[in-house]
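**Student:** Fit chain V to the known structure of chain Y by using the hints.
Here is how the chains run, residue by residue.
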Amino acid sequence: MSRIHAKAEGRMQTLARNPVMVALFMTLAIAGCASKKNNLPNSAGELGLNAATPGSAQDFTVNVGDRIFFDTDSTSIRADAQATLDKQAQWLQRYPNYAITIEGHADERGTREYNLALGARRAAATRDYLASRGIPAGKMKTISYGKEKPVAVCDDISCWSQNRRAVTVLGGAGM
Amino acid sequence: MLKRNLFRFLVALAAVVTLSTSPVSARVELNINKGNVEPMPIAVSDFLQGELGRKISDVVAADLKRSGLFAPIDRAAFIEKISNPDAAPRFEDWKVINAQALVTGRVTQEGDGRLKAEFRLWDTFANEQMTGQQFFTQPENWRRVAHIIADAIYEQITGEKGYFDTRIVYVAESGPKTARKRQLAIMDQDGFNARAVTNSNDIVLTPRFSPNKQEITYMSFEGNEPRVYLLQLETGQREVVGNFPGMTFAPRFSPDGQRVIMSLQQEGNANIYTMDLRSRTTTRLTSTAAIDTSPSYSPDGSQIVFESDRGGRQQLYVMSASGGGQNRISFGDGSYSTPVWSPRGDLIAFTKQSGGKFSIGVMKPDGSGERILTTGFHNEGPTWAPNGRVLMFFRQNAGAGGPQLYSIDLTGYNEQLIATQGFASDPAWSPLLE
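Respectively, the protein sequence lines represent chains Y and V. Residue numbering for the first sequence follows my numbering, beginning at 1 and increasing consecutively. Residue numbering for the second sequence follows my numbering, beginning at 176 and increasing consecutively.
No lab work stands behind these hints: they were computed from the structure. Be careful, since some hints might not be right.
What follows is a list of derived Cβ distance ranges for each label pair [what the hints assert, rightly or not]: (1) Y:Arg78 with V:Glu335: 48 to 56 Å; (2) Y:Arg133 with V:Asp508: 38 to 46 Å; (3) V:Gly576 with Y:Gly55: 37 to 45 Å; (4) Y:Asp156 with V:Ala354: 20 to 28 Å; (5) Y:Pro54 with V:Glu409: 55 to 63 Å.
Selected chain V positions facing chain Y (Cβ under 7 Å, derived; list incomplete) [stated by the list, open to error]: (6) Lys352; (7) Ile378; (8) Phe424; (9) Ala425; (10) Gln440; (11) Glu442; (12) Gly443; (13) Ile466; (14) Thr468; (15) Ser469; (16) Gln489; (17) Thr526; (18) Glu555; (19) Ala573; (20) Gly574.
For every residue, glycine included, the Cβ atom is placed at its ideal position computed from N, Cα and C.
So that you can see chain Y by itself, here it is in the shape it has in the complex (with noise of 0.2 Å):
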């Protein structure tokens, strides 16, 4: 509760006593120098100084976070990802009104049928926890859009590795 409403600079502290978050907003802030092109937040001023009213999806995407990440080939939740996806199951909670869509992804290493397959076993496996979080499962749809909606583009592993990922969207598509 008190992170949704922190300041700026107490959020910079938060993340700066968390490792894993600080690597990843690390790989964030790098890719985005790299690839001016994706739609991450890629700064920390960015990052910290939004102040989102709480319970809307500016809330959820900036101060609990959309996104989750997976290794090469992998649908198991990684540790990092499963922080974000409690914090996710704990802001749906508490703002019961939301159905969400999650979108699985997978990077362009890939063909375009298995990534298909790939993104949906992503999704379902990220479904699946936050259902296991206390999630009812009928307000959780998923669909995979395989590696056809990247958001970072260049051609390395810094991108690749943002690519993989499945993105909780509240009152998502189709719904």
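**Tutor:** Same frame as chain Y, now just chain V:
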């Protein structure tokens, strides 16, 4: 409009007449099974009369050249100017410039407005006509007539069916990578006459021709419900294939055109199903806790090759058309995907990922004789020319903004870029249109 006109000319092109001369056994022959073939010098003279005749001979020469098997001779080197394409040429004039074969022809307009195109193929060293044929069509189909003539020449000299009178359906891509627009498009195999057959902001993927060339099966994200669709080219009518409880993808037709085979995603697993297009009955063929996808029938319809990660990484498996006897056939270093059975039945083409590279390769249906045709940063999704001698695929180079289409000979030689207006992926080669 496009959809209505697309296949009308199939009917108009029916009349094929063999121009009479005494049949001869061809002495000009090209053995195309020996790897890197030295292209055969051939003279393609301007068809009479006027600009259209010249344009047709240009297309014939371009087809033959792109096959890698022929080397059309520069017209500036020609000694004899053909004034009567029906009469025997001065063979000595063509031997001097090393033309092993000569093509002559004529285009005329019939009283009913149709175009009549005639050609003769001459063996300049045997001093004989090898073949002669004529075709009638609507004037707007002149490129097709040229492709048909090129096919006849190719077949006469190589002994194999040609592949020039064919089309490619593919995904035309435009816009930035993070917001890419994808449409299905169809073009002639040489990249001409490209036109879109879908126009929406929904993602469309993996289009495949039906054996009768009248339908396309593909995947669309319309309504955020990713599903396999069937598109009637003539009417533009679309329908979802089957009533499945999840994402369906990776569709292909059976060789008889009666079924669509595809994957159904349920939870984390994808299994392979068929739907009979007449009875609408669906049949489940695989049942594993894995990703089984990219199914492709053998040309006789008795077997199916597909990819599965049931053993950990993606590998190729072959099973009977009823789903029995699922056997792994790929055992090399790396992972294998997008298998597609050759129309001749003798080989399976695939995408291979190994050491961070993506390759296009072929192997026999029992998994032996693996051969890599091309390797690079990203090559994916092979499709066969109907004669089983040429493959097309899509390639994206590192740092490139998007993929482009390439063709390559089965021998691994003669790689050619297929020029498209924007980026392009997922090519699928049609059967011969005739």
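**Student:** Among all the numbered hints in the text so far, which are the ones the structure does not match?
**Tutor:** Nothing - there is no hint that the structure violates, so all of them hold.
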